[in-house]
Amino acid sequence: MSITRRQFLVSLGGTGLLYAFRFTPEASAKTEPFEPIPVDDDLPQCVAELPDVDYMDWIAFSPDGKVSVFTGRTELGQGLKTVITATVTQGLEIPPEKLTIIQGDTDLCPDDGPTVGSCATRVVAWGFWLACEKIRTDLVKRAALLLGIPSEELEFKAGGVGLKGEPHTLISASELGGGKIVKINLDPAATPMEKQYIDLRIPNVNGELIVTGSLKYVGDLHEPGMLYAGWKGPPYHPTLTRLLSAEMDAARALPGVKWVKAVAGRVAAIGERYSDVVKAIDLVKSSWSVPTRSKELRVEEEARAGAVLEEKKEEEGNVDAGLASSNLVLTETYKTQYATHAQIETDTAVATPEDVNGKITVWVSSQYPHLAREVIATYLNKPESEIRVIAMPAGGAFGGKIGNPVTREAAQLAKIAGVPVKLIYSRKDQFQLRGHFKAACIIDLTTGVNADGKMIARKVDVFQDTGEGTKFTYDIPNVLTRVYGAEWIFGRPAMRGTSYVQTCFATESHVDMVAHKVGMDPLEFRRRNAQFPIYVELIDACAEMIRYDNHPLDVDEGIGLAIVHHGGSQFGAVAAKVAVDRASGQIKMKQICAAFDIGTVINRRTATVGIRGGIIWGIGYALSEEVLLNGHSIETEYLSEYRIPRFSDTPPIEITFLNKHNPEGTPRGCGEMPVIPTIGAIANAVYNAIGIRFYSTPITPERVREALGNA
Amino acid sequence: MAKKDVILNVNGVRREAIVELDEPLLWVLRDDFELTGTKFGCGNGVCGACSVLIDGVARRSCRVPVAYVAAGHEIVTIEGIGTVGNLSPIQQAFIDHTAFCCGFCTPGMIITATALLAKNPHPTREEIIEAMDYNLCRCASYPNIIEAIESVVNTSQRRHLK
Numbered sequence: 001m002s003i004t005r006r007q008f009l010v011s012l013g014g015t016g017l018l019y020a021f022r023f024t025p026e027a028s029a030k031t032e033p034f035e036p037i038p039v040d041d042d043l044p045q046c047v048a049e050l051p052d053v054d055y056m057d058w059i060a061f062s063p064d065g066k067v068s069v070f071t072g073r074t075e076l077g078q079g080l081k082t083v084i085t086a087t088v089t090q091g092l093e094i095p096p097e098k099l100t101i102i103q104g105d106t107d108l109c110p111d112d113g114p115t116v117g118s119c120a121t122r123v124v125a126w127g128f129w130l131a132c133e134k135i136r137t138d139l140v141k142r143a144a145l146l147l148g149i150p151s152e153e154l155e156f157k158a159g160g161v162g163l164k165g166e167p168h169t170l171i172s173a174s175e176l177g178g179g180k181i182v183k184i185n186l187d188p189a190a191t192p193m194e195k196q197y198i199d200l201r202i203p204n205v206n207g208e209l210i211v212t213g214s215l216k217y218v219g220d221l222h223e224p225g226m227l228y229a230g231w232k233g234p235p236y237h238p239t240l241t242r243l244l245s246a247e248m249d250a251a252r253a254l255p256g257v258k259w260v261k262a263v264a265g266r267v268a269a270i271g272e273r274y275s276d277v278v279k280a281i282d283l284v285k286s287s288w289s290v291p292t293r294s295k296e297l298r299v300e301e302e303a304r305a306g307a308v309l310e311e312k313k314e315e316e317g318n319v320d321a322g323l324a325s326s327n328l329v330l331t332e333t334y335k336t337q338y339a340t341h342a343q344i345e346t347d348t349a350v351a352t353p354e355d356v357n358g359k360i361t362v363w364v365s366s367q368y369p370h371l372a373r374e375v376i377a378t379y380l381n382k383p384e385s386e387i388r389v390i391a392m393p394a395g396g397a398f399g400g401k402i403g404n405p406v407t408r409e410a411a412q413l414a415k416i417a418g419v420p421v422k423l424i425y426s427r428k429d430q431f432q433l434r435g436h437f438k439a440a441c442i443i444d445l446t447t448g449v450n451a452d453g454k455m456i457a458r459k460v461d462v463f464q465d466t467g468e469g470t471k472f473t474y475d476i477p478n479v480l481t482r483v484y485g486a487e488w489i490f491g492r493p494a495m496r497g498t499s500y501v502q503t504c505f506a507t508e509s510h511v512d513m514v515a516h517k518v519g520m521d522p523l524e525f526r527r528r529n530a531q532f533p534i535y536v537e538l539i540d541a542c543a544e545m546i547r548y549d550n551h552p553l554d555v556d557e558g559i560g561l562a563i564v565h566h567g568g569s570q571f572g573a574v575a576a577k578v579a580v581d582r583a584s585g586q587i588k589m590k591q592i593c594a595a596f597d598i599g600t601v602i603n604r605r606t607a608t609v610g611i612r613g614g615i616i617w618g619i620g621y622a623l624s625e626e627v628l629l630n631g632h633s634i635e636t637e638y639l640s641e642y643r644i645p646r647f648s649d650t651p652p653i654e655i656t657f658l659n660k661h662n663p664e665g666t667p668r669g670c671g672e673m674p675v676i677p678t679i680g681a682i683a684n685a686v687y688n689a690i691g692i693r694f695y696s697t698p699i700t701p702e703r704v705r706e707a708l709g710n711a
Numbered sequence: 712m713a714k715k716d717v718i719l720n721v722n723g724v725r726r727e728a729i730v731e732l733d734e735p736l737l738w739v740l741r742d743d744f745e746l747t748g749t750k751f752g753c754g755n756g757v758c759g760a761c762s763v764l765i766d767g768v769a770r771r772s773c774r775v776p777v778a779y780v781a782a783g784h785e786i787v788t789i790e791g792i793g794t795v796g797n798l799s800p801i802q803q804a805f806i807d808h809t810a811f812c813c814g815f816c817t818p819g820m821i822i823t824a825t826a827l828l829a830k831n832p833h834p835t836r837e838e839i840i841e842a843m844d845y846n847l848c849r850c851a852s853y854p855n856i857i858e859a860i861e862s863v864v865n866t867s868q869r870r871h872l873k
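Residue numbers (the working numbering), protein chains in the order written: chain A, 1 to 711; chain B, 712 to 873.
It should be emphasised that the hints constitute simulated quantities derived from the structure, not laboratory data. In this text, a Cβ means the ideal position worked out from N, Cα and C, and glycines have one as well. Misleading hints may appear alongside valid ones.
Partner residues are not named here, just some residues of chain B that face chain A (Cβ under 8 angstroms, in silico) [said to hold, decoys possible]:
| no. | residue |
| --- | --- |
| 1 | GLU790 |
| 2 | LEU798 |
| 3 | PRO818 |
| 4 | ASP844 |
| 5 | PRO854 |
Restraint-style ranges between C-beta atoms, simulated for each label pair [to be verified]:
| no. | chain 1 | residue 1 | chain 2 | residue 2 | range |
| --- | --- | --- | --- | --- | --- |
| 6 | A | SER648 | B | PRO832 | 18 to 24 angstroms |
| 7 | A | ALA253 | B | HIS784 | 39 to 45 angstroms |
| 8 | A | LEU309 | B | ASN755 | 41 to 47 angstroms |
| 9 | B | VAL768 | A | GLU487 | 25 to 31 angstroms |
With a Cα cut of at most 30 angstroms, we get these calculated DSBU-like pairs of lysine-lysine [said to hold, decoys possible]:
| no. | chain 1 | residue 1 | chain 2 | residue 2 |
| --- | --- | --- | --- | --- |
| 10 | A | LYS428 | A | LYS258 |
| 11 | B | LYS714 | A | LYS261 |
| 12 | A | LYS285 | B | LYS830 |
When you get a sec, could you build the whole thing from the sequences and use the hints?
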């Protein structure tokens, strides 16, 4: 597509109609009241500046009856395009062939934020729904005014307005617009969802393209004259070392290799084929500075030693007094591993050098193309207006494609090469050069319980991540949650479930142990201490599905449960059944039953496949996934060394949706939450099976054998 | 290694490329023939995103040197399984059962499932899991993929019983 946003607006000028809207779930109705008669701006005939419109999603009506939807949010496999199609075609009563959805193109789409935090349904689709409702109302008002017919006699239909009860429209949306931009502030709390949108079961709109291999991901693009590029990275973590020298002659002599040179502190190779690049990189002999001891990739106890208090996440009552007055106090420490996204699509980008107007274009797999544009602008010292970033559908993202450096690297290599370049990260690069890992945490917990089995005090200290998710699960009058940080090479990268994952594993394992200490059934203990009634319903739903009270368990089989609160108001409970093989140490997942309250479920098909995937993701984190570090180096190189779940690791998974906590509320998203409680549920099931508490993830066969004394 | 003219039979079509003989089939398919449905995922034969049929057997094209398949072997890529508007039963079942999220591993999954059903039209669930187990899906759409394959098996079983 060669049209720019400005050109698009100009193409609507005079006859089209553009609705620009802002939807932020965080903005309360008080600060941004819905404006029933929206403020109009003229659609510009010649666009110079469009500052206001830049911040909003758009729905545009063209004179030919077509509707275009623009959003900066991107397709990551979560089904964003599908849910937008469902909402807008129904909301505006148009057939899918009249709808064009333009996503993630910085020249065409507004910067409406990164695609993160399970936002596809919760924010984007919900926003489009509310917008469609407002648009219908607004168009009827405009028609009444223009046609002199009372608005009660009119209704919205098929992309325009007609008389109530009549099949045809009197006037189309673009005719009513007369070249206007209409700005809408959406009040998410005040607008009820119309029944017709609930529980759509529509197939993925990209389905046919996906199953035929015709959906284009960034790696599938080809620009005329394009060359391939790759990196030779260091043997240490890239931030700990610098390139001292490189012997590149042998690589340069290879046929098909265009050039090999030091770029940005590494060695880049450019060739006619990707294989030429791979061979060239193999032949480069590089020497790197040896990192100092103090910069070792620390986990464990060293992290605790250097930690400083960053934040009191939660503080209520008096935790020390609460603990002192408790009948029983339990203190434990839990640890988690480095984990990584391991998307099957490695980081890849295609970039062009400057065209005659100085403009460059970069195609990438990204959760935030507008951020990528900003990064490139800084990196290449170019104005953003001369950079176009187009986010292609991602082959998995999971938090790993926000500001991924491959975008600016490709732009830089294309600039040097003077021709379009496709930069492909090898799998080894993805582990070692990207080095983008979910933080390994240490979590100390102390809980006090009274004689009735009520938790009355809890102290949580989280080292190396942000300790999300301690709130809104249990009703504990005295709580203190502290977050400690240290100089940390990996930072705290986003990965599915963020720090809820580590914290929930620790808290839900700990709650189980507290229950056992006071001699209560862990489910009953949770019921008694739950902060909201919804947890009792979710726990009971899980217990019923898995037949908790009368499940026939074989020797070394066990059932465990965990609950979660995530994000705004997503609630869940997961029950897991495992079988432990004492000889091999293998933990076999036998069954998972899960109950979630995520508000209204919009598309049960997408929700179900996504939630099952999230649960299986949790199985990998609990049992097998771990990035291996040694001194200053990342040792994991092959996907076979980072064991993500497979078909054979997947148990039968049963899911129930409840919508009881706030049934009138908005949909709330579900992409991340299912991961979170699965881990604790599995650890608790293992305890139930063999009576051994694992205080660290992943619970690998080696660790199980060691714990059983048959290492 | 010098480049040679190699002739391949891909999706029933005679194709020609001038490449080194150790060139992985994956890149010839993707970059010379523009058959980009076959994906690069790991380059080490671990993930299965690059699976293609070679003489009816699902193979990892990232680990197959082009010389190995140049002499009359029949290569079928995802583009040869079915096309938009003319899907194979397995492709249709993947849509019907939402057997993907991001879709990146899907071509490899469909290739492996196609090879399985050609060899064993009525596999049990255990046989499906065994045959598919070395194709990785990070979105973990595994339960839906199993359901999709089972639905094709059940349909063909019903047809068989008639």
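Here's how the hints hold up against the structure:
1. GLU790: holds (6 angstroms)
2. LEU798: Status holds, d = 6 angstroms.
3. PRO818: This hint holds: PRO818/B lies near chain A, its Cβ roughly 4 angstroms from the closest one there, short of 8 angstroms.
4. ASP844: holds (5 angstroms)
5. PRO854: holds (5 angstroms)
6. SER648/A x PRO832/B: 18 to 24 angstroms: Given about 22 angstroms between the Cβ atoms, the range holds.
7. ALA253/A x HIS784/B: 39 to 45 angstroms: violated (33 angstroms)
8. LEU309/A x ASN755/B: 41 to 47 angstroms: holds (44 angstroms)
9. VAL768/B x GLU487/A: 25 to 31 angstroms: This hint is violated: roughly 52 angstroms between Cβ atoms.
10. LYS428/A x LYS258/A: It holds: about 23 angstroms lies between the C-alpha atoms, which stays within 30 angstroms.
11. LYS714/B x LYS261/A: OK: LYS714/B and LYS261/A at ~25 angstroms, within 30 angstroms.
12. LYS285/A x LYS830/B: Cα-Cα ~47 angstroms, so violated.
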